[in-house]
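Novice: Next come the chains, spelled out residue by residue.
There are 4 protein chains.
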Amino acid sequence: MHLQLREEKVFKDPVHNYVHVQDEIIWALINTPEFQRLRRIRQLGTSYLTFHGAEHSRFSHSLGVYEITRRIISQFERADYADWPQEERLVALCAALLHDLGHGPFSHSIEQAFQMHHEDWTCKIVLGNTEVGAVLRRLGEDFPAKVAAVIRKDYEHPIVVSLVSSPLDADRMDYLLRDAYFTGVNYGTIDMDRILRMLRPFQGRIVVKESGMHAVEDYLMSRYQMYWQVYFHPVTRSSEIILRQIFRRAKELHAGGYRFAFLPDPLPGLFNRDLTVEEYLLLDEALVQTAFMQWRKEPDGLLSDLCTRFLDRKLYKYVEVEVLDLEMIDDIRSAFEAAGLHPEYDLEIDFPTDLPYDVFRPDGEFQDKQILLLDRQEHLREISEVSDIVRSISGLHRGKYHLYYPDNKLASVIHRLPANIAELFEQGQ
Amino acid sequence: MHLQLREEKVFKDPVHNYVHVQDEIIWALINTPEFQRLRRIRQLGTSYLTFHGAEHSRFSHSLGVYEITRRIISQFERADYADWPQEERLVALCAALLHDLGHGPFSHSIEQAFQMHHEDWTCKIVLGNTEVGAVLRRLGEDFPAKVAAVIRKDYEHPIVVSLVSSPLDADRMDYLLRDAYFTGVNYGTIDMDRILRMLRPFQGRIVVKESGMHAVEDYLMSRYQMYWQVYFHPVTRSSEIILRQIFRRAKELHAGGYRFAFLPDPLPGLFNRDLTVEEYLLLDEALVQTAFMQWRKEPDGLLSDLCTRFLDRKLYKYVEVEVLDLEMIDDIRSAFEAAGLHPEYDLEIDFPTDLPYDVFRPDGEFQDKQILLLDRQEHLREISEVSDIVRSISGLHRGKYHLYYPDNKLASVIHRLPANIAELFEQGQ
Amino acid sequence: MHLQLREEKVFKDPVHNYVHVQDEIIWALINTPEFQRLRRIRQLGTSYLTFHGAEHSRFSHSLGVYEITRRIISQFERADYADWPQEERLVALCAALLHDLGHGPFSHSIEQAFQMHHEDWTCKIVLGNTEVGAVLRRLGEDFPAKVAAVIRKDYEHPIVVSLVSSPLDADRMDYLLRDAYFTGVNYGTIDMDRILRMLRPFQGRIVVKESGMHAVEDYLMSRYQMYWQVYFHPVTRSSEIILRQIFRRAKELHAGGYRFAFLPDPLPGLFNRDLTVEEYLLLDEALVQTAFMQWRKEPDGLLSDLCTRFLDRKLYKYVEVEVLDLEMIDDIRSAFEAAGLHPEYDLEIDFPTDLPYDVFRPDGEFQDKQILLLDRQEHLREISEVSDIVRSISGLHRGKYHLYYPDNKLASVIHRLPANIAELFEQGQ
Amino acid sequence: MHLQLREEKVFKDPVHNYVHVQDEIIWALINTPEFQRLRRIRQLGTSYLTFHGAEHSRFSHSLGVYEITRRIISQFERADYADWPQEERLVALCAALLHDLGHGPFSHSIEQAFQMHHEDWTCKIVLGNTEVGAVLRRLGEDFPAKVAAVIRKDYEHPIVVSLVSSPLDADRMDYLLRDAYFTGVNYGTIDMDRILRMLRPFQGRIVVKESGMHAVEDYLMSRYQMYWQVYFHPVTRSSEIILRQIFRRAKELHAGGYRFAFLPDPLPGLFNRDLTVEEYLLLDEALVQTAFMQWRKEPDGLLSDLCTRFLDRKLYKYVEVEVLDLEMIDDIRSAFEAAGLHPEYDLEIDFPTDLPYDVFRPDGEFQDKQILLLDRQEHLREISEVSDIVRSISGLHRGKYHLYYPDNKLASVIHRLPANIAELFEQGQ
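Protein chains in written order, with the UniProt record's numbering: chain A, 1 to 429; chain D, 1 to 429; chain E, 1 to 429; chain L, 1 to 429.
Derived by calculation from the structure, the hints in this document are not laboratory data.
Using N, Cα and C, we set each Cβ at its ideal position, and we do this for glycine too.
Hints are supplied without guarantee of correctness; some may be wrong.
Below, in silico cross-link-like pairs of lysine to aspartate or glutamate (DMTMM-like), each with a Cα-Cα straight-line distance of 25 Å or less [to be verified]:
id, chain 1, residue 1, chain 2, residue 2
1, L, LYS317, E, GLU131
2, D, LYS369, D, ASP169
3, L, LYS124, L, ASP80
4, A, LYS297, D, GLU131
5, D, LYS9, D, GLU77
6, L, LYS369, L, GLU423
7, L, LYS314, E, GLU131
8, A, LYS209, E, GLU8
9, L, LYS209, A, GLU426
10, A, LYS9, D, GLU320
11, A, LYS124, A, GLU24
Derived CB-CB ranges, DEER-like [what the hints assert, rightly or not]:
id, chain 1, residue 1, chain 2, residue 2, range
12, D, LYS209, L, ASN272, 34 to 42 Å
13, A, LEU302, D, GLY399, 53 to 61 Å
14, E, TYR81, A, ALA82, 27 to 35 Å
15, D, GLU378, L, GLN377, 53 to 61 Å
If we strip away everything but chain A, and leave its shape as in the complex, we get:
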């Protein structure tokens, strides 16, 4: 059964000023241990090592996504649009609030190291024997399944999915604004009020009134800039590499029967890829950092060195390379090995667009990646047909290879490297 709160509650939020909670169910979800755990997971992983202000948590981002969704829906309700299914309000709000619930500590790095997907965990938590699950079931036995379906993007009402997950969704709007605010980088400031005013529910999806085109252009440019200025920042990438190497090394050691002096639950389960939901929820960034602190004392020099690098921010340096083929990589790795360096731990190759790159690409195969403009005659057009600027950035695939390496180690052996390779690394930063 659903109830309004007797009196609206608010959270003071630096980005949206206030986050407004009007429904008892939302209030109850926020107060579950599973949602409170998001306070212990940073929104931007290791970016705080590049931008010291970026300490903000997934808790605050989740509230923000909820708030934007709430504002959109309340506007749809006020205008009484026929294409908005009013009975879907709470499904949408709950999905918006909970969509990041399954993120683990330093999410992207840990996912790569242990082949996990945070969406899976989100759905397990929503559907499982958790407090979140219990709260959701108050709205009906099938309510958790509805919320999970929105998160998995296969809900029967695609318009609800479109609100929470599309190229112009509440998630992306919140993170652009929030990450810009906390890093201090001002490329992410978008005219959210205007974009919200221009959104329309139309034939099962959220589209944009044509007169909002410039605001959308500006939003896409902001995203583009934030990707290159913040999300793909080479110093952040360097710290992610260290992190991944720590996880990799610890997993290797554990698999080889190594006995850690410090390995509290649920870390063994994580290494064995055998975690219950309950155990998964014990994972947070405090635990990971504490493990790193303790592992500095482990006899394995590689592990200990990597942990020290991460904690003391002694990151790998890098060189940028425009072109790189497999043969060159092999040559470098061989030369490294011959010089006494580790061919893998001492050389990481990174190409930013390898990442799940979600700068808007209209030629994607999935129609749900498109932003559609609605003109006065109620015709829809994909934005890059109309906007020169969007068309021109859609084809762009920037990115250079970055070779990351421990500069102190390299320095001591650089005279042993072939001249062309030594030269390459001599301009490192």
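Start from chain A and add chains D, E and L according to the hints.
Specialist: Structure of chains D, E and L alone, referenced to chain A:
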């Protein structure tokens, strides 16, 4: 030996836009493990449980204090004021940067629980066999002692102390602006540029040009508001109480010979109040939170319950009381005990102005608590002589008693409490 | 008959982001010539001569007051408060929009010089044979009279008056924010969202929830600072004095039969204090400035010099005096006259609190000057009973005497003044 | 002879916080009647009819350009760059301050109507027998000529020209920020601090360090957006058309011997294109608006109607057309004439890119239109070679034809128009 960096380095900062580093020594200090550790200590302790944006670290605050000090000094140098001892620049900058180096996790609470003072630890780290110490010694064997003297406020040049520690210092200006920014509370926005323009070195201290009086009034009002809106917020106080109770309980248990399943170094040393500098530097908020996570599984119900409360943000409720005397407190504690509650853990009494309250009070005994205005005839006047508004807020000592208690426990026994006491708690929030 | 617009219209506003228009009547009022005329009247009169950004018009302020009123009412409607008379919505919105309609060019100065009151003109325009009147009459023959009554503060529903005109009304909130924005002075930034959330219609007036007390304190402090930093700025006062002297001189000349080379309608009517509404509406700041440009060529040296001073910003200098009595004034005027200066035009005495000073004073005789707090038990208390800070600023009456004079003229005769008087003016600025 | 002010003066500025004046010559220039006149010329002409906040004057913009130039130079001096000619400081500052001195009322429209160029007037004022000229001559008889040469872009030190007039100059940076601030449109917020940090004097021009590329991309995108959102806004264009028609009509009437009831100096000289510098300086927007007010009473219906339209903001409506050729235009004009409309006054055709369009185009013939990046090896590259995003926007030439017309007149004869033409205008806005 002191060197300029070949090229200035900058940190992107949301509050000051950029933090500029021009000196090699500053760059080297920032890159020490001891300074990097401040990334793992929050600036506002548990305030993030009230204001979810307040996740910012002492690392970012320390950079901010350094930057403000740098701007003040560079302005003094540009104007070439006779009363500014130019040779003290680096002492001042280092002291500004390092003044919070000795803060522990959840600083105020842990200091109370274990009778420590962060200034002592700061001095020990500065003077000790640490990387910070080593970097400082590059400027002379006695340089660490100078920096420590500024931090202890007994440096031979009081004007340097005045820059870093006075009612209008770089420390307070940064934290007002920074805490306002990250909490989202806009009471802390002061016209720092104007205040900086109005500062003058004068006869061994920093004073303010008379025409800056309104900017100072505004700054004092902002501080006043921030104290009551943020620093003394009852929800934050509630979380500090839980935290202190956890430390108290764990210490009691440890003293009684209890064997914790999870008690990695340096926690035993903390409990025994026997920590080396090296051990102290291992303390951070990640470790404390991880310990709480693990202690949830301890058989001691009180400890386990308190840890759960902290992590899941199930804080104590409170009632506000205007008047409270010792007899009433005794009555309530007795009634609590008779009803089966714990007379201490289940009732905490808090009076915000008990705290080290540094809203400006000109009648303080220490002259260094005063803000002095410099008029055109080079006469100094204490600001409350000139400003009605400062005079009127100087005498104010607001504050009410707050009684904090676990509402679920109380609810189950409230029928056993005397009517007047039951009634008191019935309006709790 | 009242109609909603088919589609909401918006104005981009730097202060409120967007001003939303939903009612046809509001749209029609904005498009009347009488309302468009407000574009040619500055909000802050001559303040642009002190703060060059302060060029904003009463047009933008009027839209802002309307928008704040709209937000308050829409919140009252959403919460469905019993004490808000929903049928008064349009009366309130129209009164908010039109409340400054009768302002003349450089309003305060022209009012003083010609004994007019802008409220009278506002009512005449609203009630008269104007386009505004015609639009209002679409809602009923008595509708203009209702709007005029709200503006005159004698409307039958005092709660409507309270919205538009009270110590915490939409007018004051808009001008604080707007004047702070355009001057660039950051003392005027208040947490309007929070104040709006705290307003309640209660027993015929607007009161504030007790938990909004700090936000109101901050608002009153901001007003206090804006008065002293902006509204009473001595340079602005100096320019107002020049302006008033120009009007006075021109009126004198006209009364004496002087023939101006340039005196287009409706200036003769203004001088004769005999203006129809239609003529009054021809007055704007463009006309006044153009007259001054042309009057530079008039043979009357005094008038011509004053016009030049105003246009070229050659303002009077001033000295500040703490104490001043009538005898001293007489002495100075006599000394001026004896030295060949004009005893009135060359000396103006100004005491800022002579002005209609609306910093909040709870001891005022009028109950409608009070801000009332509503506690949980629905008791009302006047804010200064509860807030130390409000109580302490309520009694303050700051202000010093300022003597304004033309420094070039004075300099040439200063040797002829008695020593004590000469000395007084020697510290002028 | 050049002197520093004894104490720095500041202007409070909403965009740059403070404008700092350290040189007596700058202070003296600001206080000339010629510079003060810029207070009576709006920065954005008629844009205030679209964006009501855009009332800011060329006075404030000129101070802003000066301030940015001052900051750049002071940074060059601090870094002691060999390629910056330090003795050019004052020439550069004066040119920055004075570069817009010759703007007339509603500059672009009046220039078109009377074939004038504001740069010519700027040079005449600088070189002439004016107070500005007198102040400049204090620095040497040839000093005014130097300043004029910078403004005419043929100064012997092209680096000085580059500071004040290039695709990334102080002028453009100030107007983007200032116009964004006062309109409230947030597309113009650029990271000026970062751009300034990246500027380098290099081989006779100002270039950008390569690592500043993203900041420059963002700046060019902001300009692009501001052009389409603000500068080319169709409502603003409509008001400019009305303005131009008023000037055209008045000129026609005057040429035909028509006797205006209101035509004070220097308007006759303007119509005859025969103005001295002294007369030109009497032109301001107050005079133009006053003339329009008075001309409403002129018997010429066309003039009177146009003046009313401008003052009461009854602008022309428009329709957008993607393709338009001369034949179609002829057809429409003929149809208009046949239906009793005026073929010219009642139909204006506008194509925004007809305007001097200064969105960055690297393929321009003039090398001084290029932005050059300086890499670590001190090689220069034109930015669009390096930046995909700049390359992709460089080729863009957006723009549609807009047909402007008086909708009330058209409505009354639309049945007399051929069907295809009538249909075209039926979707007008």
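Novice: None of the hints should be skipped; say for each whether it holds.
Specialist: Hints, verified against the model:
no.: 1; hint: L:LYS317 x E:GLU131; in the structure: holds, 22 Å
no.: 2; hint: D:LYS369 x D:ASP169; in the structure: holds, 11 Å
no.: 3; hint: L:LYS124 x L:ASP80; in the structure: violated, 35 Å
no.: 4; hint: A:LYS297 x D:GLU131; in the structure: holds, 18 Å
no.: 5; hint: D:LYS9 x D:GLU77; in the structure: holds, 20 Å
no.: 6; hint: L:LYS369 x L:GLU423; in the structure: violated, 43 Å
no.: 7; hint: L:LYS314 x E:GLU131; in the structure: holds, 14 Å
no.: 8; hint: A:LYS209 x E:GLU8; in the structure: holds, 14 Å
no.: 9; hint: L:LYS209 x A:GLU426; in the structure: holds, 21 Å
no.: 10; hint: A:LYS9 x D:GLU320; in the structure: holds, 20 Å
no.: 11; hint: A:LYS124 x A:GLU24; in the structure: holds, 23 Å
no.: 12; hint: D:LYS209 x L:ASN272: 34 to 42 Å; in the structure: violated, 55 Å
no.: 13; hint: A:LEU302 x D:GLY399: 53 to 61 Å; in the structure: holds, 55 Å
no.: 14; hint: E:TYR81 x A:ALA82: 27 to 35 Å; in the structure: holds, 31 Å
no.: 15; hint: D:GLU378 x L:GLN377: 53 to 61 Å; in the structure: holds, 55 Å
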